[in-house]
Amino acid sequence: MSEITSAEYKKVAVDSIADPVLQSALESLQSRLGPATQNLYQNLPEGQELRKTAHGYRRKAIDNLDILLEALADNVEKNGGTVHFAATDKEAVDICLNIARDHDVKKVVKGKSMVTEEIGLNHALEEAGIDVAETDLGEFIIQLADEKPTHIVAPAIHKTRQQVGKLFSEKLGTPYTEDPPTLTFDARKALREKFLTADMGITGCNLACAETGHITTVSNEGNIRMSTTLPKVHVAFMGMERIVANLEEQQSILRLMSMGAAGQQIGGYVSYIGGPAAENHCDGPQAFHLIIVDNGRSKILADEEFREMLCCIRCGACLNVCPVYGKIGGQAYGSAYSGPVGAVVTPLLFGVNNAADLCTGETLCGACRQACPLEINLPRMLLALRAKLSEGDAKWGVQPKGKSEKLMFEAWQKIIKRRKVYDLFLKIGYVLQKILPAQDGMIRRLPFPFNGWTNNRNLKPLAAKTFMQRWKEREGGKQ
Amino acid sequence: MQKKDNVTLFVQCIVDTMYPEVAESMVDVLEGLGLHVDCPTEQTCCGQPAFNAGHQQVARAAAEKFITIFEGAQTIVSPSGSCVNMVRNHYQDLFKDDPAMLARVKAIGERTFEFTEYIVDVLGVEDVGARFNGKVTYHASCHLNRFLHIDRQPRALLANISDMTLVEMKDADKCCGFGGTFAVKFSEISEALVEDKVNNIIASGADVVAGCDMGCLMNIEGMLSRKQSPVKVMHIAELLAGKSYE
Amino acid sequence: MPGRTEFIQTIGKALGRGAGNAGDADIFTTTASLEQEALLARIKTRSAAERKQLRGVIEQVAGPLHIDFHPEDNLDDIAGAIGRLILEKDPEWGTEKSVVRWDHPLLSRLHLESLAELDGVTLHTTDCVSGGQGAKVSAAAQRSAIRENVEASFIGITSADYLAAATATLVMRSRPGHARSASLVPSIHIVVIEEEKLLANLEELYTLLKWDPEEQAQGLTNCLSLISGPSKTGDIELVMVHGAHGPRELHLFIVKGEAP
Ligand code: SF4
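Protein chains in written order, with the working numbering: chain A, 1 to 479; chain B, 1 to 246; chain C, 1 to 260.
It should be emphasised that the hints constitute simulated quantities derived from the structure, not laboratory data.
Among the hints, a few may not be true.
Using 30 Å as the maximum straight-line C-alpha spacing, the simulated DSS-like pairs for lysine-lysine come out as follows [claimed, not checked]: (1) Lys106(B) <-> Lys60(A); (2) Lys232(A) <-> Lys97(C); (3) Lys185(B) <-> Lys414(A); (4) Lys427(A) <-> Lys232(B); (5) Lys417(A) <-> Lys232(B); (6) Lys10(A) <-> Lys170(B); (7) Lys434(A) <-> Lys185(B); (8) Lys96(B) <-> Lys299(A); (9) Lys232(B) <-> Lys414(A).
Generate coordinates for the entire structure from the input sequences, incorporating the hints supplied.
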């Protein structure tokens, strides 16, 4: 279910770079959302300081997670809801299957939820003979195409209007069109039927509020409100870290999340849901279940080096600026979590060795941190993961990766240790480089293992005399 | 401006071995500003490549060597933002469990400055009296800009070079795709990124792309050269030194 | 709640709970800060002139948020304007025109049923669900009747508890007579709200919800919704389309405060 490997990373990356349609989609995503988000931060009435403050709120919530979850659970139960705790993906799925069985559920409508992707819920529901409809337009497209989401907020960003048009005419039987409003209407029509007949709505939780006992869901489409209003049962999944203590903190974070996710001041629809509909209310679900999922998060919590990652609110802002994501797209990351956030979260949740390429496949440019509404230090955690990969780590069960790189760096360490040895190697290099193919005084082809550099670019050769040599000569001349 | 202050050069290995003229220009500028420059010639590399690849043990050894060499220096100046970032920020990560070493690397980090930062923030100089005839565009290196928050300083120095036209390229602060060993391990991604960068440079119409880090500029130059573009890469020190005393 | 104890224990262990590490005592805020008190006071004493200014803010932000803000500001004119909307607009899913509204005093005062031009249009109200003993129909039957009416309606008319001007955010809570679906399922959502309900921004809203004694007594209910504009999506090539699943249009009327 949750088998992740990054072996495909490079291969998919290469394919993606060669796909001009995908390249233009990514370019358009990044050139629009990246600057829009930055612009909103710059105009925050509270000033950019709010981002640090909000990071502090999140961090404090994580440091008090046990207290907050107990409060949330008590409050939800007081409001008539049922709270479940799932230590693993399997437990979470089973709890949901049981609820579905108890309510004789045949049809499910789903709001976009990363954690249900993570635990493979859809597959399990379908196995149980339940009809599952993803209702976020992007997720709906992905589900029809039987693909994986490639962006945590805009899951179908890799699909063109023509591809969607073709898909809809094949799967929905609607006349072919490549007009986004018409396509949106076709989906609206197909899904309205689903909403009106579903007997269970499944959603995620953007950020729960412990003191009031509510989960919050955010969407622009209204699909989550539909899923939490019309079916008789509402099941919400939440990663155990998605919580804050109180309303005032939540206000700041929800606003920042909206800025990061969609370049908006606030998401179009924000719902606070605390329980099933009251006896004398006109509508709303008769039952509300909240499933709180650990599935590897407590291990992250226990490690001071990575605890910060639990502050993440999955807004996707880091994807909208990452130069690497901007080239390779989301598919390469091999799990529901793509981009910089995926590069850290996927190894932590699914095994560092399994996702080795994810840890090393970034330039560490820091754009993610600058875009993150909470300024989460993803580069620092990538470096920490790389250290585990290079040196091994018992706590995380990491095997040191290939010996050759390690040996190379150890040899390098010996060389740089003494200037004399270093100079000797430089001399040898200077002589040897002359046999390499050249172009206008630049090296045109490097030998293995450095050959990657020169596929499409040249390299400046070593200088005849290092600066240190020149300096010594100069200082010598002075005397 | 203080008189005849001592500055000690911390020369990025790429500059030392491939672009020695950059360090020479830096010396010219610093001496032109009335400083006394010295340079410990035992230095090699700060350990950044190993650190970024996760080989902390190796990086730690390099850091220890660095400390031995530079601990006595009063002010350390380097022509590379990413080397300064290594010393100022990451050395602290390397020794976070060793309080005695931590104190030492902290102290050294506080005395280590990037070249333009030193001139503008420490010396308070924004115009070194340089002259350059040509059209220049500036690439804002990631570690310099995002980790050290140095952007205003080089731009101020560039803006004050006479006769020079400064043009802004698209996405000047976007990563060039270098990333150390990344450039070799994930060369396809790296090349795609530097290709965008080079296209933006060429589209700006500049004759020269200037920057504060030869790591990025080496990568950019490699692609410019392969494309047989006439655009030249220059470290900001070369621009500031080049014509300043003609 | 099976699993709860172990689950929380696992977290406690990860956090290194034990002597000297019991968690932050101040994690839940229980008294308002001076600034929050001041903000509450400011909200409560807002003058008519200031409210008018907030109305101006909404007028400005409505456009970019794709909200149709209407200038009518007294009940008669608003009723007339709504009547015209009902006549002009076409149903999305069928041909029959029916409209649903909350059972809400402000909306009752519009007397839409007495508009002559709306002859032939069915007007539904989402009545309180009583059910219980002695009721003629069961709660379930009442609910399914409401559901049917909402599904059949192409326009839903509601009010709102508050309207935060800076982001044009409407605040609605689930209450007897206030169907959640009325603001969601019909293709067009019309909101009528009194000027007294205007707030400057979300910070004011949250300060009220958190610290105002009346609000505290009421709580957020089991469902509080913040609505800032009609339903929208950019999921196909980031082209913004209104009316993804929820209402395609959101019409807003603000009733002017009574003269003091
Ligand atoms: S790391 Fe930051 S920017 Fe990326 S998804 Fe998480 S919260 Fe958003």
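Each hint tested on the structure:
1. Only pairs whose Cα atoms come within 30 Å are accepted, and Lys106(B) paired with Lys60(A) is accepted, the gap being roughly 27 Å.
2. Proposed proximity of Lys232(A) and Lys97(C) is supported: the alpha carbons are some 27 Å apart, at most 30 Å.
3. The suggested pairing of Lys185(B) with Lys414(A) holds, with an alpha-carbon distance near 23 Å, which does not exceed 30 Å.
4. About 27 Å separates the Cα atoms of Lys427(A) and Lys232(B), which keeps this hinted pair within 30 Å; it holds.
5. The straight-line distance between the Cα atoms of Lys417(A) and Lys232(B) is roughly 34 Å, outside the 30 Å bound, and the hint therefore fails.
6. Between Lys10(A) and Lys170(B), the direct Cα distance comes to roughly 27 Å. Compliance with the 30 Å bound is thereby established for this hinted pair.
7. The suggested pairing of Lys434(A) with Lys185(B) holds, with an alpha-carbon distance near 24 Å, which does not exceed 30 Å.
8. In summary, the hint linking Lys96(B) to Lys299(A) is supported, as the alpha carbons are separated by about 22 Å, within the 30 Å threshold.
9. Between Lys232(B) and Lys414(A) the alpha-carbon distance is near 35 Å, which puts this suggested pair outside the 30 Å criterion.
When held up to the earlier numbered hints, the structure conflicts with 5, 9 and fits the remainder.
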